[in-house]
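Fit chains B and C to the known structure of chain A by using the hints.
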Amino acid sequence: MAEKMLMKGNEAMAEAAMRAGCKLFFGYPITPQTEVAAYMAKKMPKIGGLFMQAESEVAAINMVYGAAGAGARVMTSSSSPGISLKSEGISYIAGSDLPCVIVNIVRGGPGLGGIQPAQSDYFQATKGGGHGDYHLVVLAPASVQEMVSLTAEAFDIADTYRMPVMIMGDGMLGQMMEPVEFENLPKREVPEKTWATTGTQMKRKKNIVNSLYIEPDALEKMNNERLERYELVKKNEVKVETVNAENADVVIVAYGVMARVAKTVMQMMEEKGIKVGVVRPITLWPFPTEEIAKVAESAKAFLSVEMSQGQMVEDVRLAVNGKKPVYFYGRNGGVVPSPDEICAEIEKIVGGMK
Amino acid sequence: MAKVTFNEQKCKGCGLCVSVCPKKIISFADNLNAKGFKPAQVVNMDECIGCASCAIICPDCVIEVER
Amino acid sequence: MAKVFEKPHALSDVSMHYCPGCTHGIIHRLVAEVIDELGIEGRTIGVAPVGCSVFAYNYFECDMQEAAHGRAPAVATGIKRAVKDSIVFTYQGDGDLAAIGTAETVHAAARGENITIIFVNNAIYGMTGGQMAPTSLVGQVTQTTPYGRDTSTQGYPIRVCEMLSQVEGAAYLERVAVNNIPNIRKAKKAIKKAFQNQIDGKGFSLIEVLSICPTNWGMSPQESMKWLEENMMPVYPLGVYKDKEQGEA
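Protein chains in written order, with the numbering used here: chain A, 1 to 354; chain B, 1 to 67; chain C, 1 to 249.
Bound-form chain A, shown alone (with noise of 0.2 Å):
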């Protein structure tokens, strides 16, 4: 039995990170994810590693750009408004195909927003957020445990496929305590980093890193290499938790804490006989379309809740295409959707197929 011990979210994240080779931190404050910052401070000296503060978001996302370029394993956290300053550098890093891992601790927004829990950065992380065509990996945990797993395993999916992997949770995630164990993490053979920056030693070509293709049909053709990938993650990478959806009245589709309230709801709706499921996306992009979908011909409806005016719920109606209503509630701005405020909700709609 492995030790387990009491961290809080974002701490365990920066842990599970050095364990799974991450040498490189590159940082700037930002509440509600400093703390992730604080703990690569005091443990990277320790492990020979690195934790630098940059000056900026900006710099920091372009320190990781540099390091990654040079085939380093490196990491940077932020949340929502540090996130529209990296996105630059998040471009460049998806453009140049350069492999890293981004945490964003979301709060609510627009602007500065606020620094409670939101799930309002869902369009940002998954439609793009930068400019060009191009895809994040984006995980969302679901409890620290889960922050811990999927951080190593964003690593190896970065290397697999060459490209940014995002960790995307919230404060509450981030502040919770919750028991963890770090035996066992996942681990992948993953390809070498021949194109890496690591000087020639005089021994090969040279590398280049860069996203720059002045010539229309050269640019089309690495974006569509690179769609090539993306259709390999698509196929390879998609993780959903399915919870008593079939023949369910209703399905809530929810990620991270979010879930876990719709859990708590589906207990709730059990004991006035209204059978609700839970489907949990736990990769944002690739959504898990093919089994909301499938969850799509036996359920009779589906209500999307989250931190956010309604983001997700685009997604989830593409997914069930019509085949059956869509709903939405949420909350935002750092609000939380209670279960007794979703609860209300499912009875509404349940009444409504009456």
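Please note that a few of the clues may not be correct.
Claimed, not checked - In silico BS3-like cross-links for lysine-lysine, where the CA-CA straight-line distance does not exceed 27 Å:
1. B:Lys38 <-> C:Lys7
2. C:Lys7 <-> B:Lys24
3. A:Lys205 <-> A:Lys46
4. C:Lys84 <-> A:Lys203
5. C:Lys192 <-> A:Lys203
6. C:Lys186 <-> A:Lys203
7. B:Lys24 <-> C:Lys186
8. C:Lys189 <-> B:Lys3
9. C:Lys3 <-> B:Lys23
10. B:Lys23 <-> C:Lys226
11. C:Lys192 <-> A:Lys206
12. B:Lys23 <-> C:Lys244
13. A:Lys205 <-> C:Lys192
14. C:Lys3 <-> B:Lys38
15. A:Lys46 <-> A:Lys8
The hints are simulated quantities; they were obtained by calculation from the structure and are not laboratory data.
Only a predicted model underlies this, so the values are computations on that prediction, with no experimental measurement involved.
For chains B and C alone, kept in the frame of chain A given last:
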């Protein structure tokens, strides 16, 4: 005894070499190179002292110098 | 007869895209000559900017990365920290380094980041067709200052070496020019020292090279050299602005 060799296909005809040659022996050819420039050339190589000024100021590494 | 001058190995054998008479070509060659002479090509990683020298990654034989506009010192920091025995240089123009990338430049200096920055100052944005740069002179006519740089709206040119000389982390700052043969020789000496400093672990070195832009200045290369000397040099005096070894300059 010195010799300069101009790789005329790389020359953009900027004339910086012409302006720094202490012997004033560099001029432009009448023909155009593949880039469409009149390349620099030395006509009377006997006067070349191999100072390499032309090569040092050439932005395009057109010139090799032997001495 | 022996060859006394030929293309350095570290400079790629390709035709560069620069306009006729553009001194980027000279500065590229000087950097490559220094890399050759120090025998560091195999462990050197260069960072190209956005601007006229954006394609610099095609012109050096060492490993190269292309950075987002202004971010080269941050990218260089990431590389240097990831590959400890590497020699990392950035090659940046005035818009890249002294406008959009000012923060990255100042903070790389403040950290004493052990990298070498080649800063090419030609007082104009070249790649986009001749707009005002942070280093454009007062009164200088550019596409975006058609009546001359007016200090009431556009302020004053930034003197990068002078500014960074106040930053404790900077080890070596020198301003050179490539307008004539003696100055080109001095420029190479300065660039060599900036790379040697990095090899010796001395920290942040920046060489500002006064350069010309005949196309966007609207002059011949020869006239441009004269314009540089007569107009830029009084505003940007050549010399060593900081050398930690020698004490303050």
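Structure-based check of each hint:
1. Restraint check: the Cα-Cα separation between B:Lys38 and C:Lys7 comes to about 22 Å, which is no more than 27 Å; the hinted pair holds.
2. Of the pairs offered as hints, the one joining C:Lys7 and B:Lys24 holds, with about 23 Å between alpha carbons and a cut-off of 27 Å not exceeded.
3. Between A:Lys205 and A:Lys46 the alpha-carbon distance is near 36 Å, which puts this suggested pair outside the 27 Å criterion.
4. For the hint linking C:Lys84 to A:Lys203, the alpha-carbon distance of about 19 Å falls within 27 Å, and the restraint holds.
5. In summary, the hint linking C:Lys192 to A:Lys203 is supported, as the alpha carbons are separated by about 24 Å, within the 27 Å threshold.
6. For the given pair, C:Lys186 sits about 32 Å from A:Lys203 by alpha-carbon distance, which is inconsistent with the 27 Å threshold.
7. For a cut-off of 27 Å, the pair hint linking B:Lys24 to C:Lys186 stands: about 24 Å separates their Cα positions.
8. For the proposed pair C:Lys189 and B:Lys3, the alpha carbon gap of about 26 Å is at most 27 Å, so the pair holds.
9. Taking the CA atoms of C:Lys3 and B:Lys23, the gap is about 20 Å. The hint holds against a cut of 27 Å.
10. Using a Cα cut-off of 27 Å, the hinted pair B:Lys23 and C:Lys226 holds, with the two alpha carbons roughly 21 Å apart.
11. Taking the CA atoms of C:Lys192 and A:Lys206, the gap is near 22 Å; set against the 27 Å cutoff, the hint holds.
12. Distance check on the hinted pair: B:Lys23 and C:Lys244 sit about 42 Å apart at the alpha-carbon level, beyond 27 Å; violated.
13. The straight-line distance between the Cα atoms of A:Lys205 and C:Lys192 is roughly 24 Å, inside the 27 Å bound, and the hint therefore holds.
14. Taking the CA atoms of C:Lys3 and B:Lys38, the gap is about 26 Å. The hint holds against a cut of 27 Å.
15. Annotation: proposed proximity of A:Lys46 to A:Lys8 holds, straight-line Cα distance about 20 Å (limit 27 Å).
Checked against the numbered hints given earlier, the structure breaks hints 3, 6, 12 and satisfies all the rest.
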